[in-house]
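If you want the building blocks of each chain, they are given just below.
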Amino acid sequence: MTTTAVRPRADALAERLPGVWGIGLQRGALELRQFFRQRDQVVFTFAFPVVFLFLFASIFRDDVRNAGITASQLYVPAMMAAGIMSTSFQSLGISIAIERDEKVLRRLRGTPMPPASYFLGKVWLVLVTGLLETAILLLVGTAFYDIDLPTDAGRWFDFAWIFVLGLTACALLGIAISSVPKTGKSATSVVVLPFLVLQFISGVYIAIDTIPDWMLNIGALFPLKWMCQGLRGVFLPESAQVLEQAGGWEFGRIALVLGAWCVGGLLLCLLTFRWKNRRDG
Amino acid sequence: MTTHANGLAVDVRGLRKQYGDVTAVDGIDLGIRRGEVFGLLGPNGAGKSTTVEILQGNRDRDAGEVSVLGSDPAHGTRAWRSRVGIVWQDESAPAELTVRETVRHFARYYPRPRDPEEVIGLVGLEAKAGSRIKALSGGQRRRLDVALGVIGGPELLLLDEPTTGFDPAARRQFWDLIRKLSAEGTTIVLTTHYLEEAEALADRLAIIAQGQVVAEGEPAGLRERYGTGATVEWTDPDGTPRAERTDTPTRTVGTLMARFDGEIPGLRVRRPTLEDVYLRLTGQEDAR
Numbered sequence: 001m002t003t004t005a006v007r008p009r010a011d012a013l014a015e016r017l018p019g020v021w022g023i024g025l026q027r028g029a030l031e032l033r034q035f036f037r038q039r040d041q042v043v044f045t046f047a048f049p050v051v052f053l054f055l056f057a058s059i060f061r062d063d064v065r066n067a068g069i070t071a072s073q074l075y076v077p078a079m080m081a082a083g084i085m086s087t088s089f090q091s092l093g094i095s096i097a098i099e100r101d102e103k104v105l106r107r108l109r110g111t112p113m114p115p116a117s118y119f120l121g122k123v124w125l126v127l128v129t130g131l132l133e134t135a136i137l138l139l140v141g142t143a144f145y146d147i148d149l150p151t152d153a154g155r156w157f158d159f160a161w162i163f164v165l166g167l168t169a170c171a172l173l174g175i176a177i178s179s180v181p182k183t184g185k186s187a188t189s190v191v192v193l194p195f196l197v198l199q200f201i202s203g204v205y206i207a208i209d210t211i212p213d214w215m216l217n218i219g220a221l222f223p224l225k226w227m228c229q230g231l232r233g234v235f236l237p238e239s240a241q242v243l244e245q246a247g248g249w250e251f252g253r254i255a256l257v258l259g260a261w262c263v264g265g266l267l268l269c270l271l272t273f274r275w276k277n278r279r280d281g
Numbered sequence: 001m002t003t004h005a006n007g008l009a010v011d012v013r014g015l016r017k018q019y020g021d022v023t024a025v026d027g028i029d030l031g032i033r034r035g036e037v038f039g040l041l042g043p044n045g046a047g048k049s050t051t052v053e054i055l056q057g058n059r060d061r062d063a064g065e066v067s068v069l070g071s072d073p074a075h076g077t078r079a080w081r082s083r084v085g086i087v088w089q090d091e092s093a094p095a096e097l098t099v100r101e102t103v104r105h106f107a108r109y110y111p112r113p114r115d116p117e118e119v120i121g122l123v124g125l126e127a128k129a130g131s132r133i134k135a136l137s138g139g140q141r142r143r144l145d146v147a148l149g150v151i152g153g154p155e156l157l158l159l160d161e162p163t164t165g166f167d168p169a170a171r172r173q174f175w176d177l178i179r180k181l182s183a184e185g186t187t188i189v190l191t192t193h194y195l196e197e198a199e200a201l202a203d204r205l206a207i208i209a210q211g212q213v214v215a216e217g218e219p220a221g222l223r224e225r226y227g228t229g230a231t232v233e234w235t236d237p238d239g240t241p242r243a244e245r246t247d248t249p250t251r252t253v254g255t256l257m258a259r260f261d262g263e264i265p266g267l268r269v270r271r272p273t274l275e276d277v278y279l280r281l282t283g284q285e286d287a288r
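Note that the protein sequences, when read in sequence, are chains C and H. Every letter in the first sequence is one number past the one before it in my numbering, and letter 128, counting from 1, is 128. Every letter in the second sequence is one number past the one before it in my numbering, and letter 80, counting from 1, is 80.
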C-alpha cells in the first residue's frame with residue numbers, strides 16, 4: 001500500500017468523525033438509562049433529602065424569633081441545596097471513581113469518543129436528576145411546610161442561576177474528588193464525609209444563626225453555604241434576612257462565589273482528571 | 001508514513017519500559033505486516049501486556065520508536081483511534097445496558113462503523129442481544145468485548161490475552177471468530193500464554209521472555225530452527241522405560257534393532273514440539 005493511497009482515507013475519516021455535542025447527547029441518554037434502571041439507587045437518591053426534610057422539619061417546627069418564619073420553613077431551601085449537591089457532587093464523585101476502577105473510562109479512552117462528550121453526558125445526567133430532586137422537594141415544601149412559590153419573575157430568575165451555578169460548581173467538584181479514592185470501594189466514604197461535614201457547617205442541618213462563626217467561615221469557602229443562602233432568599237420572606245451572618249441575602253456575592261467555583265472547579269478537573277487508576281500507571 | 005511504505009501495520013524499534021527497578025520491556029523490535037495474525041507469546045510477566053498497552057496508546061514508553069498504522073500511539077488522534085480496535089485483558093461493560101444498546105452506542109463513536117446487528121452475529125451473541133450485560137456469562141462478556149473492539153471496523157485489532165478463562169469449546173469458537181476477522185483483512189495482534197492458541201492462529205509469532213524477543217517467525221519455522229534433535233523412547237526387557245535425546249535418531253534406532261532382534265517394545269521417536277521450543281527459549285525447560 002502506498003502513501004498516496006492511505007493519506008486521503010485518514011483525512012476523510014477525520015472529517016467524518018461524529019461531533020462532540022451529538023455524542024455528548026447520546027452519552028447523556030445512556031447515562032440516564034443506566035441510572036433509572038438501577039431502581040434501588042433511584043429510590044434512595046430521591047428519597048434521601050425528602051426523608052431528611054421530613055425528619056428535621058417535623059422535629060424543629062417552632063417559630064424563629066424575630067424572623068417571621070418557622071424552623072420547618074428554613075429546612076426546605078436547605079434540603080433543596082443539599083439535594084442539588086447530592087445529585088451532582090456525591091453521585092458523580094462516587095460513580096466516576098467506580099467507573100475508573102472498573103476500567104469503563106479506560107475503555108472509552110481507547111475509542112474515538114471525544115473526552116468532552118463523556119463530561120457532557122454527565123452534565124445531562126446531573127441536570128435531569130438535579131431538576132427532578134429539586135422539584136420533588138419543592139412540592140413537599142409547598143404542600144406541607146408553608147413554603148410559598150415566588151410570585152415575581154426576578155425571584156424565579158435568581159432561582160434559575162443559583163440552581164445552574166450551584167449544580168455546575170458541585171458537579172465539577174464531584175468530578176475532581178473522584179480522583180481521590182484509590183479504589184471504587186472506598187469512593188463512598190471518601191466522598192460522603194466531606195459532604196456531611198459541609199452540610200453541618202453550611203446551614204443545612206443546623207440553622208445558620210446557631211453555628212459558631214469560625215465554622216460558618218470555613219463553610220463559606222465552599223459552594224453549599226451560598227446555595228443554601230440563595231435559596232433561602234428565593235423562598236423565604238424578607239423578614240428572615242435577620243438570621244443571615246451578613247444580615248442580608250447577598251445575591252451578588254453568591255453569584256461571585258459560585259461563579260468562581262465553576263471556574264476553579266473546571267481548572268481542578270482539567271489538572272487532575274485521570275482515565276486510569278493509579279495502579280494502572 | 002514510512003510504515004505504510006514498507007507495508008508494516010506495527011513497527012517497533014528498541015522499545016523499553018521500566019517500572020521502578022523492574023525492566024518490563026528491554027529493547028523489543030517488532031515488525032507486524034498488514035493483514036497478518038501476529039502472536040506475542042510468553043510467560044506471565046514477560047512484558048507482553050506492557051508492549052500491547054504501549055501499542056494501544058494506553059501507556060507511556062521510556063525509549064524506542066513505535067509506529068502503529070503510521071502514527072505514534074502516544075499521540076493518537078481521534079481519527080487514529082477509529083482505525084485501531086482494542087480488546088483489553090480485563091474489561092467491564094455497563095451492566096445495566098443490553099448487548100444491543102451497548103454495541104449500537106459504541107458504533108456512534110466511529111466515522112464508519114460496522115452494522116451493529118452484523119457484529120452481534122459475528123461474535124455469536126444474537127440470542128443474547130436483548131439481555132442485560134449483567135446477565136451474561138464470562139465467555140459471553142468476552143465476546144461482547146470483541147464486538148466492541150471490532151464495531152468501528154478497525155484496520156488493526158489488538159487483543160490482550162483474549163481467551164484467558166475460556167473453556168475449550170469457547171476457545172475454539174473464539175479462534176473461528178479471529179480467523180473470520182483475519183479473512184476480512186483485519187491485521188490482528190494478540191498476546192497469549194497458550195501455545196496451541198498461538199500455533200492455531202498466528203501467521204507469525206514472537207516469543208518474549210524477560211522483556212526481550214527471544215525468537216520470531218512462523219510457528220513451523222520456529223520449531224525447525226530451534227527444535228533440533230529428537231527423543232527416542234523405548235522399554236527395556238526388564239520393563240524400565242528409557243529415553244535418549246539424540247541428533248541422530250536413525251542411528252539410535254538401528255542400535256536398538258540389533259539389540260532387541262525384532263520389535264522394540266514401546267518405541268517412539270519424538271521431534272520437539274513448539275511447546276518444547278517455547279519452554280527452552282523462555283528458560284522454563286525444567287517445568288516439563
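Because the hints were derived from the structure by calculation, they are not lab data. Incorrect hints may appear among the rest.
Derived DEER-like restraints, expressed as beta-carbon distance ranges [to be verified]:
no.: 1; chain 1: H; residue 1: Gly27; chain 2: C; residue 2: Val42; range: 47 to 55 Å
no.: 2; chain 1: H; residue 1: Thr77; chain 2: C; residue 2: Gly247; range: 50 to 58 Å
no.: 3; chain 1: H; residue 1: Gly121; chain 2: C; residue 2: Phe157; range: 52 to 60 Å
no.: 4; chain 1: C; residue 1: Thr183; chain 2: H; residue 2: Arg132; range: 20 to 28 Å
no.: 5; chain 1: H; residue 1: Ser137; chain 2: C; residue 2: Trp156; range: 48 to 56 Å
no.: 6; chain 1: C; residue 1: Thr272; chain 2: H; residue 2: Arg132; range: 48 to 56 Å
no.: 7; chain 1: C; residue 1: Ala260; chain 2: H; residue 2: Arg13; range: 36 to 44 Å
no.: 8; chain 1: H; residue 1: Ser137; chain 2: C; residue 2: Thr142; range: 47 to 55 Å
no.: 9; chain 1: C; residue 1: Leu271; chain 2: H; residue 2: Thr228; range: 24 to 32 Å
no.: 10; chain 1: H; residue 1: Pro168; chain 2: C; residue 2: Val197; range: 40 to 48 Å
Using 25 Å as the maximum straight-line C-alpha spacing, the simulated DSS-like pairs for lysine-lysine come out as follows [unchecked claim]:
no.: 11; chain 1: C; residue 1: Lys182; chain 2: C; residue 2: Lys276
no.: 12; chain 1: C; residue 1: Lys276; chain 2: H; residue 2: Lys134
no.: 13; chain 1: H; residue 1: Lys128; chain 2: H; residue 2: Lys180
no.: 14; chain 1: C; residue 1: Lys185; chain 2: H; residue 2: Lys128
no.: 15; chain 1: C; residue 1: Lys185; chain 2: C; residue 2: Lys276
All C-beta atoms, glycine included, are put in the ideal place defined by N, C-alpha and C.
Here's how the hints hold up against the structure:
1. H:Gly27 <-> C:Val42: 47 to 55 Å: 54 Å, holds
2. H:Thr77 <-> C:Gly247: 50 to 58 Å: Between Thr77 (chain H) and Gly247 (chain C), where Cβ atoms are some 56 Å apart, the hint holds.
3. H:Gly121 <-> C:Phe157: 52 to 60 Å: 54 Å, holds
4. C:Thr183 <-> H:Arg132: 20 to 28 Å: 25 Å, holds
5. H:Ser137 <-> C:Trp156: 48 to 56 Å: Given a distance of about 53 Å, which is inside 48 to 56 Å, the answer is holds.
6. C:Thr272 <-> H:Arg132: 48 to 56 Å: Since the Cβ atoms of Thr272 (chain C) and Arg132 (chain H) sit about 33 Å apart, the hinted range of 48 to 56 Å is violated.
7. C:Ala260 <-> H:Arg13: 36 to 44 Å: Given about 50 Å between the Cβ atoms, the range is violated.
8. H:Ser137 <-> C:Thr142: 47 to 55 Å: Hint holds: Cβ distance 51 Å, inside 47 to 55 Å.
9. C:Leu271 <-> H:Thr228: 24 to 32 Å: 58 Å, violated
10. H:Pro168 <-> C:Val197: 40 to 48 Å: Given range 40 to 48 Å: violated, Cβ gap about 55 Å.
11. C:Lys182 <-> C:Lys276: 11 Å, holds
12. C:Lys276 <-> H:Lys134: It holds: about 23 Å lies between the C-alpha atoms, which stays within 25 Å.
13. H:Lys128 <-> H:Lys180: Cα-Cα ~21 Å, so holds.
14. C:Lys185 <-> H:Lys128: 30 Å, violated
15. C:Lys185 <-> C:Lys276: 16 Å, holds
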